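Top line first, the protein sequences correspond to chains A and B. For the first sequence, the tail end lands on 97 under this note's numbering, and the numbers increase by one without skipping. For the second sequence, the tail end lands on 614 under this note's numbering, and the numbers increase by one without skipping.
In short, the hints are calculated from the structure, not lab data. Bear in mind that the values here come from a model prediction, so they are computed numbers and not experimental data. There's no promise every hint is true.
Here are some of the chain A residues that sit facing chain B, going by a computed Cβ distance under 7 Å [claimed, not checked]:
no.	residue
1	Phe12
2	Leu50
3	Met63
4	Ala67
Some residues of chain A that are not near chain B, with every Cβ distance over 10 Å (derived) [stated by the list, open to error]:
no.	residue
5	Met1
6	Asn3
7	Leu25
8	Ser54
9	Ile89
10	Ser93
Derived lysine-lysine pairs resembling DSS-like cross-links, with alpha carbons at most 25 Å apart [what the hints assert, rightly or not]:
no.	chain 1	residue 1	chain 2	residue 2
11	A	Lys96	B	Lys260
12	B	Lys206	A	Lys23
13	B	Lys206	B	Lys257
Glycine included, each C-beta is placed from N, C-alpha and C at the ideal position.
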Amino acid sequence: MSNYLILATIIFTIGAAGVIIRKNLIVVFMSLELMFNSANLGFVAVSNALNLVSGDIFVIFVMVVAAAEAAVALGIAIAFYREKGTADIDEASELKN
Amino acid sequence: MYNNILPAVYGLNLIEKSMLSIIPEAVIILFAFLVLFLTFFEKLAKSKNPYYLSLIGIGFSILYVLMLSGRDLNGFYGSIVFNSFEVFLFTAILFSGLFAVLVSKDYMKNSNMPNPEYYSLILFGISSMMFLVSSNNLIMIFLNIEFMSITAYILTGYFKGNKRSTEAALKYFILGAFASAFLLFGAVFIYASTGHLNLYEIHTFLKNIAYGGLIKSGGGMGINIYLTAGLLLFLTGFAFKMSLFPFHSWTPDAYDGAPTPVTSFMATGIKLAAFAIFLRVYTLIYNFNIINFNGILWLLAVFSMTFGNIAALLSSNVKRLLAYSSIAQAGFILIGIIGGGFYGYSGTLFYLLAYIFMTAGAFTIVIIFENSDLISLDINKYSGLGYKYPFIAASMSFFLLSLAGIPMTSGFMGKFYVFSSAVKSGYNWLVIIALLNSAIAAYYYIKIIVKMYMPDKEMLNSSAVNSEGAFGIINGAVSDGLIITIIICLFFTLLMGIYPQIFINFANNSAASLWKI
Chain A
1 MSNYLILATI
11 IFTIGAAGVI
21 IRKNLIVVFM
31 SLELMFNSAN
41 LGFVAVSNAL
51 NLVSGDIFVI
61 FVMVVAAAEA
71 AVALGIAIAF
81 YREKGTADID
91 EASELKN
Chain B
98 MYNNILPAVY
108 GLNLIEKSML
118 SIIPEAVIIL
128 FAFLVLFLTF
138 FEKLAKSKNP
148 YYLSLIGIGF
158 SILYVLMLSG
168 RDLNGFYGSI
178 VFNSFEVFLF
188 TAILFSGLFA
198 VLVSKDYMKN
208 SNMPNPEYYS
218 LILFGISSMM
228 FLVSSNNLIM
238 IFLNIEFMSI
248 TAYILTGYFK
258 GNKRSTEAAL
268 KYFILGAFAS
278 AFLLFGAVFI
288 YASTGHLNLY
298 EIHTFLKNIA
308 YGGLIKSGGG
318 MGINIYLTAG
328 LLLFLTGFAF
338 KMSLFPFHSW
348 TPDAYDGAPT
358 PVTSFMATGI
368 KLAAFAIFLR
378 VYTLIYNFNI
388 INFNGILWLL
398 AVFSMTFGNI
408 AALLSSNVKR
418 LLAYSSIAQA
428 GFILIGIIGG
438 GFYGYSGTLF
448 YLLAYIFMTA
458 GAFTIVIIFE
468 NSDLISLDIN
478 KYSGLGYKYP
488 FIAASMSFFL
498 LSLAGIPMTS
508 GFMGKFYVFS
518 SAVKSGYNWL
528 VIIALLNSAI
538 AAYYYIKIIV
548 KMYMPDKEML
558 NSSAVNSEGA
568 FGIINGAVSD
578 GLIITIIICL
588 FFTLLMGIYP
598 QIFINFANNS
608 AASLWKI
């Protein structure tokens, strides 16, 4: 179990780093998906090791939520692209003090 | 009190009990779908029907909450609980939703937004908050936090073609999803260390370990590391949702770019729901001294208060100022949780209720000034409004004074309960810092009042300063919904300030049910 959790943590860290470092909107969304899916990996591993089902059920819910979130994310991304003509996050600079 | 309306709970089977425990949410969801259904018919959707339908839905839900109050239900194998804690918070959430609906009508008309979807999203938002508050299972908590956040993302970006709104939605989405991922990953580690997802089961498991001495000994090391990691990640996720200091950066942008009724809804409802569920999680699984979580919360509270207040001092946009002040207020509310114990928690709940009324009131007035289209969100434009709109400006002053915590207002009583619980638990320095912060906060709240009543010389000469109408309201600019909201907020802010006993009893009852397992 702990090996899987370490792997999940590594994937999670890569995802988090991607969200922070990358500038392209779509890559950021992909990194977010990576973070969610690393958690899925963790849940499946734990639930297998402890002989439980509840973790597997959680994974199904997470997948549903991730799908819903991707839909909203892409909607926002399209709206952003239409207004700015680019998917660069640094262009999001309208709101300032 | 309402015992004879519904059949006795004990005669019901499991499914019926489960259904009974989600009636208030189910009603809201039903009405949300009804409102959405209206979009099929152009004629119905164009009129005011969606607005009234949502009001009726909220009314029914309040009715069901009252009918169910005093019961102790739990459904869906312990995933959903309904007891006096929920009754208190459902009432508060429904009030915040009611204000969001009442306030939206004019705003939506002025900005030419498609109506029905908006109202159904607000209703979905309300139901998600209610589900979140009553959830008692890591799955339910994650699911409902996401449900709530997704509706909030959509509502934030609701201004189609408005750059600020889209950008706010984008920033809110990225940081919100980032936070949810932390929350989820925290849940993995909690699950790995305890093997349970139900909060009560986790609580019992941890209690057995804590009193069995396993956590201290070497045998429990694995549990200890996983649990610490899990709880820290979980805390990070919650801190994002509650907009505490290092995780606050989405707050000013999202609040600023969103349509103002949505800002009001986010500032009241979402913050309330996030705090409420954090309160439940904190009492149930953080209270075992695995590491010193109170110390971490201490730091979060101090930094949120100080940062929020200093940033608010420097901002000249009213919505941003209120956003920063909401970060500071989150710090104040957190003091109640740090203070802990029965009085700390009931003080927190009282403060949350008070916070809803003052914040919703303040935002409503921002909406009125925004609607009457002469006045932008710049604070300097508020100059002289005290003479032009006496009633509205006076209520604004009252809400701001309440946010600052002047006696006779609900904000003062909230701060009093929260601080006294912290002093009781020996957090003297925290309270001293908080008091200093209230003094800073008073400066920028009172700055707005001064602007309204003591206009600049040229402002006084250039514009005709006279009151229009009995309330000083521009004809047609202010509808009944806005006035009703202001009056309800004024009433409760005043009542909670001068006669808080009713509300503190209510809060005590609900805090007591936190531990009922």
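Structure-based check of all given hints:
With its C-beta approaching chain B no nearer than about 5 Å, Phe12(A) sits inside the 7 Å limit, and its interface hint holds. For the restraint placing Leu50(A) at the interface with chain B, the shortest Cβ-Cβ distance is roughly 5 Å, inside the 7 Å limit, so the hint holds. Taken as an interface hint, Met63(A) does not check out: its beta carbon lies about 12 Å from the nearest beta carbon of chain B, beyond 7 Å. Restraint check, Ala67(A) versus chain B: the minimum CB separation of about 11 Å is more than 7 Å; hint violated.
With a minimum CB-CB distance of about 7 Å to chain B, Met1(A) fails to clear the 10 Å threshold, and the non-interface call is violated. For Asn3(A), the non-interface assignment is confirmed: its Cβ lies about 12 Å from the closest Cβ of chain B, beyond the 10 Å cut-off. At roughly 8 Å from the closest C-beta of chain B, the C-beta of Leu25(A) falls inside 10 Å, breaking its exclusion from the interface. The beta carbon of Ser54(A) sits about 5 Å from the closest Cβ of chain B, which is not more than 10 Å, so the claim that it is off the interface is violated.
The beta carbon of Ile89(A) is not kept farther than 10 Å from every beta carbon of chain B, the shortest such distance being approximately 8 Å. Ser93(A), annotated as away from the interface, has a beta carbon of chain B within 10 Å; the closest lies near 8 Å. For the suggested pair Lys96(A) and Lys260(B), the alpha carbons sit about 13 Å apart, so the restraint of at most 25 Å is met. For the given pair, Lys206(B) sits about 37 Å from Lys23(A) by alpha-carbon distance, which is inconsistent with the 25 Å threshold.
Distance restraint check for Lys206(B) and Lys257(B): the Cα-Cα separation of roughly 14 Å lies within the 25 Å cut-off, and the hinted pair is therefore satisfied.
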